[in-house]
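Chains as they are written, first to last, in our numbering: chain A, 43 to 157; chain B, 403 to 514.
Derived by calculation from the structure, the hints in this document are not laboratory data.
Treat each hint with caution, since some may be false.
What the hints assert, rightly or not - Computed list of lysine-lysine pairs in DSBU-like fashion (alpha-carbon distance at most 30 Å, straight line):
{"no.": "1", "chain 1": "B", "residue 1": "Lys439", "chain 2": "B", "residue 2": "Lys513"}
{"no.": "2", "chain 1": "B", "residue 1": "Lys407", "chain 2": "B", "residue 2": "Lys458"}
{"no.": "3", "chain 1": "B", "residue 1": "Lys458", "chain 2": "A", "residue 2": "Lys112"}
{"no.": "4", "chain 1": "B", "residue 1": "Lys513", "chain 2": "A", "residue 2": "Lys53"}
{"no.": "5", "chain 1": "B", "residue 1": "Lys407", "chain 2": "B", "residue 2": "Lys513"}
{"no.": "6", "chain 1": "B", "residue 1": "Lys456", "chain 2": "A", "residue 2": "Lys95"}
{"no.": "7", "chain 1": "A", "residue 1": "Lys95", "chain 2": "B", "residue 2": "Lys501"}
{"no.": "8", "chain 1": "B", "residue 1": "Lys501", "chain 2": "B", "residue 2": "Lys439"}
{"no.": "9", "chain 1": "A", "residue 1": "Lys53", "chain 2": "B", "residue 2": "Lys496"}
{"no.": "10", "chain 1": "B", "residue 1": "Lys513", "chain 2": "B", "residue 2": "Lys458"}
{"no.": "11", "chain 1": "B", "residue 1": "Lys513", "chain 2": "A", "residue 2": "Lys99"}
{"no.": "12", "chain 1": "B", "residue 1": "Lys407", "chain 2": "B", "residue 2": "Lys496"}
Unchecked claim - Which chain B residues stay away from chain A? Per the calculated CB distances, all over 12 Å, these:
{"no.": "13", "residue": "Gln404"}
{"no.": "14", "residue": "Lys407"}
{"no.": "15", "residue": "Val415"}
{"no.": "16", "residue": "Arg419"}
{"no.": "17", "residue": "Ile422"}
{"no.": "18", "residue": "Glu444"}
{"no.": "19", "residue": "Lys473"}
{"no.": "20", "residue": "Pro484"}
Bear in mind that the values here come from a model prediction, so they are computed numbers and not experimental data.
Backbone N, C-alpha and C define an ideal beta-carbon position, used for all residues, glycine too.
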Amino acid sequence: DAGITQSPRHKVTETGTPVTLRCHQTENHRYMYWYRQDPGHGLRLIHYSYGVKDTDKGEVSDGYSVSRSKTEDFLLTLESATSSQTSVYFCASTSGRELLTDTQYFGPGTRLTVL
Amino acid sequence: DQQVKQNSPSLSVQEGRISILNCDYTNSMFDYFLWYKKYPAEGPTFLISISSIKDKNEDGRFTVFLNKSAKHLSLHIVPSQPGDSAVYFCAASKSNAGKSTFGDGTTLTVKP
Numbered sequence: 043d044a045g046i047t048q049s050p051r052h053k054v055t056e057t058g059t060p061v062t063l064r065c066h067q068t069e070n071h072r073y074m075y076w077y078r079q080d081p082g083h084g085l086r087l088i089h090y091s092y093g094v095k096d097t098d099k100g101e102v103s104d105g106y107s108v109s110r111s112k113t114e115d116f117l118l119t120l121e122s123a124t125s126s127q128t129s130v131y132f133c134a135s136t137s138g139r140e141l142l143t144d145t146q147y148f149g150p151g152t153r154l155t156v157l
Numbered sequence: 403d404q405q406v407k408q409n410s411p412s413l414s415v416q417e418g419r420i421s422i423l424n425c426d427y428t429n430s431m432f433d434y435f436l437w438y439k440k441y442p443a444e445g446p447t448f449l450i451s452i453s454s455i456k457d458k459n460e461d462g463r464f465t466v467f468l469n470k471s472a473k474h475l476s477l478h479i480v481p482s483q484p485g486d487s488a489v490y491f492c493a494a495s496k497s498n499a500g501k502s503t504f505g506d507g508t509t510l511t512v513k514p
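Here chain A stands alone, though its shape is the one from the complex:
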C-alpha cells in the first residue's frame, strides 16, 4: 500500500472560516487527487494535480482551491467554509507511469463538519 496520510482526520468548524486539509504521500507519486464523499453521491472529484504546481479542476471544484508545492504534499483549502461542504474528504495518489492502468491509492479520509 502507498503511504498516504491525511490531516486532520476530523475537524469541526464554523461557517465562514477558512479550512485547510493536508494530504501527504511517501511514494513519489506524480498524480494526486481530492474527492468528497456524500451519501448518495459516491466519490466526486474536487481537484487533482499532475505534478508540482500543476493542478486542474474536477467536477465539484466551486468553493475549493488546491496547492502542490512539493511532490509529496497536496493541500485542499476551503476559503470560507459553508454547511454544504460538510463531508468526508479523501485524498488519493497514483504514480502516473501508466495513466490508463494506474490504480489510485486512497488516504483514510477527513471528516469535516461545518456548523
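Fit chain B to the supplied structure of chain A, relying on the hints for placement.
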C-alpha cells in the same frame, strides 16, 4: 449528467452464494474500468480492473465482466464471505486522462 451509474444502492446475499454488483456507463470513450472496495472509516482500496479490450478478468473469488455494446460491467464474487461486506465503487477512465469517474457505490452485506 452522471457518466457512471450503480443503480443498486444495496445488496444482501447469504454467505457462500454469489454476489453480483452492476455498473453502467454512458461515455463510450471510457476504456478502463476499476472496482474499489471501501470499509467504514477507511479509504477505498483497489479490488480488480478490466481493459476495454477484454470482456472478462478474474482474480480469485472476484471476476469482472465487461459488455461494451451495452456499456455495462459487473463484479461477481463467488463464494461471498462476511468479510466482503463493504461499499463497492465502480470507476471508469479514459486513456491518458489521469483521472477516474466513480459511481455512487453499492453497499454489499453478506449474511452468515
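Going down the list of hints, with the structure as the test:
As the CA atoms of B/Lys439 and B/Lys513 are separated by approximately 18 Å, the hinted pair is consistent with the 30 Å bound. For the hint linking B/Lys407 to B/Lys458, the alpha-carbon distance of about 20 Å falls within 30 Å, and the restraint holds. Restraint check for B/Lys458 and A/Lys112: not satisfied, since their Cα atoms lie roughly 39 Å apart, outside the 30 Å limit. Restraint check for B/Lys513 and A/Lys53: the C-alpha separation of about 34 Å exceeds 30 Å, so the hint is violated.
A distance of roughly 25 Å separates the Cα atoms of B/Lys407 and B/Lys513; the hinted pair therefore holds under the 30 Å criterion. The straight-line distance between the Cα atoms of B/Lys456 and A/Lys95 is roughly 36 Å, outside the 30 Å bound, and the hint therefore fails. Of the pairs offered as hints, the one joining A/Lys95 and B/Lys501 holds, with about 17 Å between alpha carbons and a cut-off of 30 Å not exceeded. Annotation: proposed proximity of B/Lys501 to B/Lys439 holds, straight-line Cα distance about 18 Å (limit 30 Å).
For the proposed pair A/Lys53 and B/Lys496, the alpha carbon gap of about 34 Å is over 30 Å, so the pair is violated. The suggested pairing of B/Lys513 with B/Lys458 holds, with an alpha-carbon distance near 27 Å, which does not exceed 30 Å. The straight-line distance between the Cα atoms of B/Lys513 and A/Lys99 is roughly 41 Å, outside the 30 Å bound, and the hint therefore fails. A threshold of 30 Å between alpha carbons decides the hint, and for B/Lys407 with B/Lys496 the separation of about 16 Å falls inside it, so the pair holds.
Distance check for B/Gln404 against chain A: the nearest CB is about 9 Å away, which does not clear 12 Å, and the non-interface claim fails. A beta-carbon of chain A comes within 12 Å of the beta-carbon of B/Lys407; the shortest separation is about 10 Å. Every C-beta of chain A lies more than 12 Å from that of B/Val415, the closest at about 21 Å, which supports listing it as non-interface. With a cut of 12 Å on Cβ distances, B/Arg419 stays outside the contact zone with chain A, its closest approach being about 26 Å.
With a least beta-carbon separation of about 19 Å from chain A, B/Ile422 lies farther than 12 Å from that chain, consistent with its non-interface assignment. Distance check for B/Glu444 against chain A: the nearest CB is about 6 Å away, which does not clear 12 Å, and the non-interface claim fails. Against the 12 Å criterion, B/Lys473 stays outside the reach of chain A, whose nearest CB is about 18 Å from its own CB. For B/Pro484, the non-interface assignment is confirmed: its Cβ lies about 23 Å from the closest Cβ of chain A, beyond the 12 Å cut-off.
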